[in-house]
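Asks: Once you have looked at the hints, place chain B on chain A.
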Amino acid sequence: MDLQDLWFALIGLLFCGYLVLEGFDFGVGMLLYVVGRSPDERRRAIKTIGPVWDGNEVWLLVAGGAMFAAFPEWYATLFSGYYFALLAILVALIVRVIALEYRNKHDGARWQRRWDIGITVTSAVPALLWGVAFANIVGGSPLDGDGVYAGTFWDLLRPYTLLGGLVALLLFALHGAHLLALRSEGVVRERANRTAARLWAPTVVAVAGFAVWTLADAQVVRAVAVAGAAVAAAALIAVLPMQRAGREGWAFALTAAAIAGAVVLLFATLFPNVMVSSGAPGTDLTIAAAASTHRTLVAMTVVAGFMTPIVLLYQGWTYWVFRARVSAGGPDEVGTPLDVLGRRPAGGPQGS
Amino acid sequence: MRVLVSEGRVTIKRPSLEIPVDTLELARWQFAITTIYHFLLVPISIGLSGFVALMHTQWVRSGEDRYLRMTRFWGKVLLINFALGVATGIVQEFQFGMAWSEYSRFVGDIFGAPLAIEGLAAFFLESTFLGLWMFGWDRLPRRIHLATIWAVFVGTMLSAYFILAANAWMQRPVGAAVNPKAGRAELTSIGEVLTNKTALFAFGHTVTAAVATGGALIIGVSAWHLWRNRDREHDFFAVSLRWGLRGTLVAALATIVVGHFFAQWMTTVQPMKMAAAEALYETQDRAPLSLFAFGGLEKSPARLDANIEVPRLLSFMATDSFDGRVQGLNDLQAEYERRYGPGDYVPILAITYWSFRIMIGLGLYLAALSAAGLWLLRRGRAVGKWFTWAAVAGIFAPLVANSAGWMFTEVGRQPWVVQGLLKTTDGVSPLSSGTLWVSLITFTLLYAALAVVELWLLLGVLRGGPEPAPEPIGTSSSGDPLLPSLAY
Numbered sequence: 001m002d003l004q005d006l007w008f009a010l011i012g013l014l015f016c017g018y019l020v021l022e023g024f025d026f027g028v029g030m031l032l033y034v035v036g037r038s039p040d041e042r043r044r045a046i047k048t049i050g051p052v053w054d055g056n057e058v059w060l061l062v063a064g065g066a067m068f069a070a071f072p073e074w075y076a077t078l079f080s081g082y083y084f085a086l087l088a089i090l091v092a093l094i095v096r097v098i099a100l101e102y103r104n105k106h107d108g109a110r111w112q113r114r115w116d117i118g119i120t121v122t123s124a125v126p127a128l129l130w131g132v133a134f135a136n137i138v139g140g141s142p143l144d145g146d147g148v149y150a151g152t153f154w155d156l157l158r159p160y161t162l163l164g165g166l167v168a169l170l171l172f173a174l175h176g177a178h179l180l181a182l183r184s185e186g187v188v189r190e191r192a193n194r195t196a197a198r199l200w201a202p203t204v205v206a207v208a209g210f211a212v213w214t215l216a217d218a219q220v221v222r223a224v225a226v227a228g229a230a231v232a233a234a235a236l237i238a239v240l241p242m243q244r245a246g247r248e249g250w251a252f253a254l255t256a257a258a259i260a261g262a263v264v265l266l267f268a269t270l271f272p273n274v275m276v277s278s279g280a281p282g283t284d285l286t287i288a289a290a291a292s293t294h295r296t297l298v299a300m301t302v303v304a305g306f307m308t309p310i311v312l313l314y315q316g317w318t319y320w321v322f323r324a325r326v327s328a329g330g331p332d333e334v335g336t337p338l339d340v341l342g343r344r345p346a347g348g349p350q351g352s
Numbered sequence: 353m354r355v356l357v358s359e360g361r362v363t364i365k366r367p368s369l370e371i372p373v374d375t376l377e378l379a380r381w382q383f384a385i386t387t388i389y390h391f392l393l394v395p396i397s398i399g400l401s402g403f404v405a406l407m408h409t410q411w412v413r414s415g416e417d418r419y420l421r422m423t424r425f426w427g428k429v430l431l432i433n434f435a436l437g438v439a440t441g442i443v444q445e446f447q448f449g450m451a452w453s454e455y456s457r458f459v460g461d462i463f464g465a466p467l468a469i470e471g472l473a474a475f476f477l478e479s480t481f482l483g484l485w486m487f488g489w490d491r492l493p494r495r496i497h498l499a500t501i502w503a504v505f506v507g508t509m510l511s512a513y514f515i516l517a518a519n520a521w522m523q524r525p526v527g528a529a530v531n532p533k534a535g536r537a538e539l540t541s542i543g544e545v546l547t548n549k550t551a552l553f554a555f556g557h558t559v560t561a562a563v564a565t566g567g568a569l570i571i572g573v574s575a576w577h578l579w580r581n582r583d584r585e586h587d588f589f590a591v592s593l594r595w596g597l598r599g600t601l602v603a604a605l606a607t608i609v610v611g612h613f614f615a616q617w618m619t620t621v622q623p624m625k626m627a628a629a630e631a632l633y634e635t636q637d638r639a640p641l642s643l644f645a646f647g648g649l650e651k652s653p654a655r656l657d658a659n660i661e662v663p664r665l666l667s668f669m670a671t672d673s674f675d676g677r678v679q680g681l682n683d684l685q686a687e688y689e690r691r692y693g694p695g696d697y698v699p700i701l702a703i704t705y706w707s708f709r710i711m712i713g714l715g716l717y718l719a720a721l722s723a724a725g726l727w728l729l730r731r732g733r734a735v736g737k738w739f740t741w742a743a744v745a746g747i748f749a750p751l752v753a754n755s756a757g758w759m760f761t762e763v764g765r766q767p768w769v770v771q772g773l774l775k776t777t778d779g780v781s782p783l784s785s786g787t788l789w790v791s792l793i794t795f796t797l798l799y800a801a802l803a804v805v806e807l808w809l810l811l812g813v814l815r816g817g818p819e820p821a822p823e824p825i826g827t828s829s830s831g832d833p834l835l836p837s838l839a840y
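Residue numbers (our numbering), protein chains in the order written: chain A, 1 to 352; chain B, 353 to 840.
Since the hints were made in silico from the structure, they are not lab data. Any given hint could be a false lead.
Reference excerpt, derived from the structure (chain B facing chain A, CB under 10 Å, subset only) [to be verified]:
1) Ser453
2) Phe476
3) Leu484
4) Phe487
5) Ala745
We treat Cβ as the ideally placed atom computed from N, Cα and C, and that holds for glycine.
So that you can see chain A by itself, here it is in the shape it has in the complex (with noise of 0.2 Å):
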């Protein structure tokens, strides 16, 4: 394996995590309606991703960043060629950090509301994006001989590229709710469970239809991503027990295997491809094409080999520290800054 294909591994392996961890995220923005009925219960909901979700949205970020490093071709005409359904992801992630931050900076109904509801579109909408993106990326998206794209947005929605949106949205919810389920308390998490089970046969049909769909049309199929493909029906055909035994951690986990499992199906089956050109043989934009010179690749492995532990190392402590599940009451219920307003001191933290 040479670092150019290590590169497009590491890729792979950036969008798995942005994919899995921000999937949990929009699947409980998704949610949101769903489980919560009061704003208090689609608070503690919000709450369960409260502390982490912008950093599993960084994911995204060094995704992108790595992609123009290490595969500038790559980076240039995907985001030029699909500019409306990346203008509208980037239109939908801003609208979601403010929401998701400023809806508990004040304390209104109707402004908590309105958020609210803005959480739930604008998880919704990029997850259902990202599935189409992907699946035009490995199915085939019209590229001409320069790399560059040569359609228009409706071109980008066909079957199977819904199909592929269709996927992320399942999987996503699928996902979230296990989250939910596992990191709430009381109500939030009952009706979480209920909801994951009522997703689980949909979301097996989606995926298993995706996959095949996927390796049927795939120019040589890979034992990779068959393998990925296999993960994925394994671990959500496991999920079922799983969910039934109320093992919620496993249920999470599992929905984790499979997003992952089709990330490795869509990247293993695009190889030796970064974009599948659906016009004339021989315009696909290939790994060799779009690479970045030996020079930039190894200095970027040197980085990313020493920075990574770190990162993940610091993420992993995040989560450990927030493990314990978000409840309805207990002391570090703090519904709104001004419920802070409302307690009277009673003599502040001691000095050390």
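Replies: Relative to the frame of chain A, chain B by itself:
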């Protein structure tokens, strides 16, 4: 892809694609709007995170309630501002590929690396530890909790360095060579790219300005409260004001000093930009410093209706000698035509000349304001009406100065997007102008709406003033009181 090379400069031509002029102009506006907007927020976040980290440290050391309250009040302002900075920063990671795909193809081998490293080394650090800081009040041991806000500050510093290294490469493309066959610039030394002297100057200049920007916000808000609500929270805002004034004075002076040496450096590596900053048409040995020039600031024929000058000062500023030679626009234009072929190599003078002066003028204003404030406090006088309004205006001074500085440095590099290697006209994506119109209008409306939301929220928090010190909600195993988290 067809690549034309002349004198080491590359023009990428795609015969099948004619890029409309509109597309170029719209892509420029889009980049300018999204980037300037983002950079209104970033310096506030960098500066405030430093101040909040210091306040938090002071609380942990002294245990005094006032520092806890300062940490939480200014911390909440930081969080509101940080969120919008993060949100608008997402666009920055992708818009090179979206609207500047030809630029991305040309520079990716070099420019992509600092961007990727910024994400890996800085964004993860900032976002993860900001989450830990916000939500860690009720579960982290006190000193570890303190360390999380410092980690955020370190993250902002790293972020600033890597993105400035990327920009510095556009100003002074070192550590790279053009490969005409591949039609792109290729890395020869990552070390040279990351230790570009332009990046080092830009980092010192930008980061100190950011601290001053955060400080100016603290000064303005504190002065307003002291003047408006004389008795309410007097101690809180008096201490905040003193912190803001001290930090801002030091930072603003450092910005000015670094800026001076930065400008001298640019006079050697980007002489056209500095000649444009001064509207200096002819090369001169004893060049005067123009304070205010009125007239068309046209390139050719040169026209200045009135020009207030200080004799020989520009020579001294640029070369440390009153007799030093400073190159003028006309000579440089002739030289560049010889080197790069026919074309207009002079940037838009009205923008470079005035943005440079606005930046410097407002920087001096901020330094003077903080010095005057410290002088007033020293004499123990109450904050008066005049100082209050000067301080409230001072909140905006660095925001305008920061934007003017970037306008100067980016417009001053035109017509190049990468100095001497690639022209801006050759960097734009082959998109229709309609596509750019849609995204430009979308971003502009969205950003305007978000500005309204952020300002409304921020004004509410700022006007409301600090909350009482929070009641401990429990005790940690080590005996520290646990406090409620800062959100949710």
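Asks: Looking back at the hints listed earlier, which ones does the structure fail to meet?
Replies: 5
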